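Chain by chain, the residues run as shown.
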Amino acid sequence: MSELTHAPAQKRFIGGQLLGSSQLVLGAILAVLCIAISIAAPQFYSEANIVAILRQCALVLIVASGMTMLIITAEVDLSVGASLAFVGCIGMAVLNSTHSLTLGMLAALAFAGGVGLFNGLVVTRLRVNSLIATIGTMMMLQGGVYLFTREAVQNHNRLASFTDLGAGYVGAVPVPVILAALIFVVAYVTLRFTTLGRYLYAVGANEKAVRLSGLRSERLKLFAFVVTGLCVGVAGMILSSLMNAGQPTAGRGFELTVIAAVILGGTSLLGGRGSLFGTLLGVLVLKVIDNGIIILGWNQDLQMVVPGIVIILATYLDIIRNKANVR
Amino acid sequence: MSVDFLHPGEGAAIDTNVPALELRGIGKRFPGVVALDNVDFTLEPGKVHALMGENGAGKSTLIKIMAGVYGKDAGTIRMRGREVDIKSPRDSLKEGIKVVFQEIALISEFTVAENIFLEGYPTGKAGSIDWKKIRADSAALFNRIGFNVDPAARTGSLPVSQQQMVEIARALAHEARVVVMDEPTSSLTPNEVSLLFTVIRRLAALGIAVVYVSHKLDEVFEIADTVTVLRDGRHISTKPIGEHSNDTLIQDMIGRRIDNLFPRKRGAPGSKIALSVESLSTAKKLSDVSFEAHAGEVLGFFGLMGAGRTELAKAIVGYDPITSGTITVDGHRLAPHDTRTGVKLGIGLLTEDRKSEGLMGELPVYQNASLASLGAFARLGFVDKAKEHKAVQDYVDRFRIKTPSLFQQVKNLSGGNQQKVLISRWLMRGLKVIVVDEPTRGIDVGAKSEIFALIDRLAGEGLAVVMMTSEMPELLGLADRVAVMCEGRLTAIMSREEATQEKILNAAIG
Chain A
0 MSELTHAPAQ KRFIGGQLLG SSQLVLGAIL AVLCIAISIA APQFYSEANI
50 VAILRQCALV LIVASGMTML IITAEVDLSV GASLAFVGCI GMAVLNSTHS
100 LTLGMLAALA FAGGVGLFNG LVVTRLRVNS LIATIGTMMM LQGGVYLFTR
150 EAVQNHNRLA SFTDLGAGYV GAVPVPVILA ALIFVVAYVT LRFTTLGRYL
200 YAVGANEKAV RLSGLRSERL KLFAFVVTGL CVGVAGMILS SLMNAGQPTA
250 GRGFELTVIA AVILGGTSLL GGRGSLFGTL LGVLVLKVID NGIIILGWNQ
300 DLQMVVPGIV IILATYLDII RNKANVR
Chain B
0 MSVDFLHPGE GAAIDTNVPA LELRGIGKRF PGVVALDNVD FTLEPGKVHA
50 LMGENGAGKS TLIKIMAGVY GKDAGTIRMR GREVDIKSPR DSLKEGIKVV
100 FQEIALISEF TVAENIFLEG YPTGKAGSID WKKIRADSAA LFNRIGFNVD
150 PAARTGSLPV SQQQMVEIAR ALAHEARVVV MDEPTSSLTP NEVSLLFTVI
200 RRLAALGIAV VYVSHKLDEV FEIADTVTVL RDGRHISTKP IGEHSNDTLI
250 QDMIGRRIDN LFPRKRGAPG SKIALSVESL STAKKLSDVS FEAHAGEVLG
300 FFGLMGAGRT ELAKAIVGYD PITSGTITVD GHRLAPHDTR TGVKLGIGLL
350 TEDRKSEGLM GELPVYQNAS LASLGAFARL GFVDKAKEHK AVQDYVDRFR
400 IKTPSLFQQV KNLSGGNQQK VLISRWLMRG LKVIVVDEPT RGIDVGAKSE
450 IFALIDRLAG EGLAVVMMTS EMPELLGLAD RVAVMCEGRL TAIMSREEAT
500 QEKILNAAIG
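Quick mapping for you: the protein sequence lines, in order, are chains A and B.
Residue numbering for the first sequence follows numbering that gives the first Met the number 0, beginning at 0 and increasing consecutively.
Residue numbering for the second sequence follows numbering that gives the first Met the number 0, beginning at 0 and increasing consecutively.
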């Protein structure tokens, strides 16, 4: 579906199918980055570093998978960062009191899914613009987490399975990477091959048309909000496992990284256009930049500056490409 | 800005022998397309010159060149005999050409007076803006065109018809010699249209050359002195309107004859009631509307602007909420009142507003066509694309939808072909009742007859077609029965044989 909805179709007939893909631009950027960094710092290609990059990508990719669906429906969720921190605290607290990873995980999913449901209801029932609604939720969660706990919820249970969630490996692959890959594949298949996926694109492309066709557009959006929430639930538990604590201060700015990756991947904020494969590339580009800055020993504040530049540049390239297509 | 406009005819005396504007051999190409090829277009002062042609004929390119939006690739432009070089909208305005586009380009947050003098506010002492003068001058301008708009009103709060008057006043403020009206009546009521025509005649009487771009034949016959027809970027004909008939104009526009705009191939409607609406009311518009539509019948609804046709269309398919009444489709009541139930029972709406309610412009043709019937192409939630594409291709062939492929973004298709895609969407789903709202809005004359033939065919296949229209010929040409609305009420239902224009209009006025 992605390349069909993506490439302005004229391209197919002047043989420019490859050029028609904004993923190509992104792939090229990624390749250039990798080559440049590895020339300057050969340790970039060490196994340890690649695993580290993938682990870094995992958290973002998990949430970005849900967020891609949501943005394709022309909505957005800015509360995912705040929710991530809150979820970690709640999951950890439940884990401490029950000593059950399952219950902790369920609590995290229930909370994060609940946040998604709340966002979705506010947007579809009260018709509050999702940008505003989820800023509201973000503020409620950022303040609310301190009502829940003033400081980090420490890990008191020493469950091996919980530690594995963030730090474990299956073979050479970190557990978070496997979880991310699973979620990515499910989301990818859903968007690309199922009726549900098609409806998500449709509702983003024209909600009224979808409703006139006898489909429940609000439920589709609600679904995307809840899925995004559930992804945050998974990511929140992984994060608290990695930090061995539920940190109320975690996740600041996380929503921006996630949305940046999705937009960078070519998904349109206007809805109806986008692909998960692009999101994957977007996440990789951002995280390779992060990693490169660390490896090259640059000032770490550039970790925010450089991605900012990349986003503007990539979007601009996309506009140029589209213009070229129109002509 | 000078104040000459308050004293028309002074200074530059209008010489009627010199063309107000003369375009010669205008050429314009876009990559892959020749939009205009050696087009001549000459405007006499004080005359209304209609510019006609189908979508893509080059009308808008030509007026955009006049407006300075596009540069020309070839040819010359003369204003009153003097060759001019128009490079930007600013140049165009300076030379005295004012184009009133369909999408009106006023600043909606500004007042009327502010908009009129946007390009140069008269200033008083110490360079401060002379508001009093602006208001007085605006009022004087409106006086001249014989139409009063409050200069202090916020522009965005005015109806389109009055915003057009503001644009015309702006033209006078710039001492325009040429005023171009681009499809000015597309969102006006009949009353507003006749007011606009009065103003246009006034402009002509002031010696201004008016270009009237439209594809509505009746309007052109009413207002124009001369008609120029473009087709495929070429100049086809320029004639006094008196030398044209409906048929010759259409022939010039589409390059072939249409023998019968309303071919009727279907038989007589059946007696089975497909749709029954009883005392339907909505909060805002409709009150106590009752009617029945039979299988195989085209039931045409006529009404003036604001009569409630679109509201009725949206209410009976379950899209808009109702306050009371019942809707029964093929024997089953539409309850709960939503489109999900509606579509299940077999009633669907072909919207008047394709862009905002029908098409998913960014998405390919096949996805637009299959939207309502996707479930039929799915197994366990997975779409069987081969099956889907085959079904859509079938409709593309049957309806002769002109598209390079199923993967073309639907926004790149012409209006007529987009409409066919949307009709396919419903036929693929299988309906008992289709409600079509202004089915030929924004569609070329040539494609119109195809849409009419399609509607005829739908009824022929046993659907009940409920057609909302403001076009009298469409109504009389297609409908088996005519229903007339006025201010949310149903004022008459008559058979095709009883229906005359006069009866219908009387009922529409209430």
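Hints in this document: simulated from the structure, not taken from any laboratory.
As the structure is a prediction and not an experimental result, all values here were calculated from the model.
Quick reminder that beta carbons are idealized off the backbone N, C-alpha and C, glycines included.
Heads up, some of the hints might be wrong.
Claimed, not checked - Listed below are several chain A residues computed to face chain B (Cβ distance under 7 Å; list not exhaustive): (1) L29; (2) A30; (3) A92; (4) S96; (5) R126; (6) R157; (7) S160; (8) R191; (9) F192; (10) T194; (11) R197; (12) A201; (13) N205; (14) G213; (15) G271.
As the list claims (entries may be wrong) - Below, a sample of chain A positions facing chain B; criterion: calculated Cβ distance under 8 Å: (16) V50; (17) R54; (18) R149.
Now the hints, each set against the structure:
Given hint, L29/A at the interface with chain B, is violated; its Cβ is 26 Å from that chain's nearest Cβ, farther than 7 Å. Interface hint at A30/A: violated, since its Cβ lies 28 Å from the closest Cβ of chain B, which is beyond the 7 Å cut-off. About 37 Å separates the beta-carbon of A92/A from the nearest beta-carbon of chain B, more than 7 Å, and the hint is not met. Hint status for S96/A: violated, given a least beta-carbon distance of 39 Å to chain B, over 7 Å.
Given hint, R126/A at the interface with chain B, is violated; its Cβ is 15 Å from that chain's nearest Cβ, farther than 7 Å. Residue-level restraint check for R157/A is violated (minimum Cβ-Cβ distance to chain B is 42 Å; threshold 7 Å). Against a cut-off of 7 Å between C-beta atoms, the interface hint on S160/A is violated, since the closest Cβ of chain B lies about 32 Å away. Taking 7 Å as the C-beta cut-off, the interface hint given for R191/A is violated, the closest approach to chain B being about 9 Å.
Because the beta carbon of F192/A sits about 5 Å from the nearest beta carbon in chain B, less than 7 Å, this interface hint is met. With its C-beta approaching chain B no nearer than about 5 Å, T194/A sits inside the 7 Å limit, and its interface hint holds. The criterion of a C-beta within 7 Å of any C-beta in chain B is met by R197/A, whose closest approach is roughly 6 Å, and the hint holds. For A201/A, the interface hint holds, since its Cβ comes within 7 Å of a Cβ in chain B; the closest pair sits about 6 Å apart.
Annotation: N205/A was flagged as interfacial toward chain B, and the flag holds, the nearest CB pair being 4 Å apart, inside 7 Å. Hint status for G213/A: holds, given a least beta-carbon distance of 3 Å to chain B, under 7 Å. Here the hint on G271/A is kept, as its CB sits about 5 Å from the closest CB of chain B, short of 7 Å. The beta carbon of V50/A comes no nearer than 34 Å to any beta carbon in chain B, farther than 8 Å, and the hint placing it at the interface is violated.
Of the supplied interface hints, the one on R54/A is violated, with its beta-carbon coming no nearer than about 32 Å to a beta-carbon of chain B, more than 8 Å. Taking 8 Å as the C-beta cut-off, the interface hint given for R149/A is violated, the closest approach to chain B being about 46 Å.
Taken one by one, the earlier hints fail for this structure at numbers 1, 2, 3, 4, 5, 6, 7, 8, 16, 17, 18, listed in ascending order.
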